[in-house]
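Using the sequences and the hints given, assemble the complete structure.
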Amino acid sequence: MSVGLSEAFFLVLRRELRLSFRRPDQLLQPLVFFLIVTTLFPLGLSVQLSLLRDMAPGVLWVAALLSSLLSLDSLFKSDADDGTLEQLALAGQGLNVIVIAKTLAHWLVSGAALVLVSPIVGTALAIPEAAFATMMLSLGLGTLTLSWLGAIGAGLTVGLKRGNVLLSLIVLPLAMPLLIFGAGATDRAISGTSTAGALYLLAALCVLTCTLAPFAATAALRITLE
Amino acid sequence: MNIAADGLCVEKVHVWRGDRHVLKNVSLQVRAGELVHVSGPNGTGKTTLLRVVSGLLRPEQGTVAWRGKSIASSPTDYQSELAYASHEAALKGDLTAIENLRFMVGLKRRVTLSELQACLARVGVAECADLPARVLSAGQRRRVAMARVLAFRASLWLLDEPFTNLDASGSQLMSALLEEHIDKGGLAVVVAHHDLNLAVPTRHLGLGG
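Residue numbers (this note's numbering), protein chains in the order written: chain E, 1 to 226; chain C, 1 to 209.
All the pointers check out, no bait thrown in.
Below, in silico cross-link-like pairs of lysine to any residue (SDA-like), each with a Cα-Cα straight-line distance of 20 Å or less:
1. E:Lys-161 / C:Gly-18
2. C:Lys-24 / E:Glu-226
3. E:Lys-77 / E:Gly-94
None of these hints come from the bench; they were simulated from the model.
This is how it looks when you write it as structure tokens:
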């Protein structure tokens with residue numbers, strides 16, 4: 001009669017996705033933020049296409065980081081506020097699997113969605129189509145890593161009333177390598193040089209956080225639950 | 001239900017919250033077919049005690065043992081036999097009552113939709129099954145939370161102010177459910193301000209003098 005770990009994982013994932021789609025405004029806000037911020041740059045800068053193209057990777061990545069951060073605050077907060085986090089912690093499944101499922105669900109509705117709309121932004125920033133694949137791959141790896149870093153920060157700040165600023169202060173410094181290698185990979189793809197090095201480093205960071213961050217986030221959450 | 005005589009045993013528990021010594025040397029024992037009623041003025045650590053017993057909060061000193069084993073040694077086994085209802089209903093407003101139950105109970109045991117509907121009917125809110133939890137009244141939410149406790153089919157119930165927001169018939173139902181659970185050999189720790197007046201073996205634990 002007992003429920004296996006994978007079953008519990010998919011149950012929480014389904015629950016999170018269903019909750020997200022019941023609240024389309026929360027789903028769309030970070031995406032619209034990403035689109036608007038990146039559109040402001042071509043409007044505010046000079047019309048020189050070469051300048052825009054030079055700045056595009058940095059603009060794209062900073063906007064992606066900030067818009068991912070927007071939704072991170074709610075990762076555990078709503079569950080903590082209405083008492084469901086306690087129920088999840090006592091569900092007999094270990095908090096780890098629940099944290100993993102919740103973070104992956106968060107990435108699917110924020111990071112993955114951001115990757116899907118990034119070609120629109122790429123076009124607005126005059127990034128050549130040939131660089132789209134690298135741009136999307138690097139954004140995918142980067143946002144997944146960021147979701148994991150954010151899960152640790154969200155776990156630590158869930159008990160605070162205005163934790164979102166602190167959350168940014170915790171997560172953004174940790175996200176600097178992502179910005180450097182992510183923007184680097186996109187930059188190299190635009191200039192047509194090899195992107196392998198930057199992508200490998202991004203992938204390594206992604207593996208590192210995917211394997212270690214669940215433990216850190218669970219520990220952080222457990223402290224807050226007390 | 002096969003519960004050893006030494007069901008739940010809380011021994012000499014101390015909890016500090018910052019500088020405040022919230023729980024001072026609290027001990028309690030609950031055996032199968034027995035209910036412990038925890039009462040006391042506000043701020044005397046009733047909810048804290050329940051959180052310690054549930055395993056959410058680790059005491060600075062003292063032990064909580066379930067069937068002779070410390071709950072920290074095998075938390076998932078303990079949790080699978082535990083139903084905890086905090087003073088919040090712990091329902092997601094955007095999910096329907098039945099979805100709320102399905103996701104939360106589904107983590108603990110395999111459960112069918114008809115079983116959950118039966119639990120909702122038992123607590124008198126069958127008609128709320130497909131309504132989003134956010135439109136339910138406080139009393140209805142409390143009843144849905146109680147349906148979740150029933151659906152867990154746990155041996156040990158930890159209930160924090162289960163009578164809050166319930167009307168007269170709701171309170172009667174709550175008492176009946178508790179009596180039924182204890183009669184079947186279950187255990188319960190109930191935090192409540194008022195006397196429970198239940199027809200089952202009840203022990204009283206007063207906190208805060």
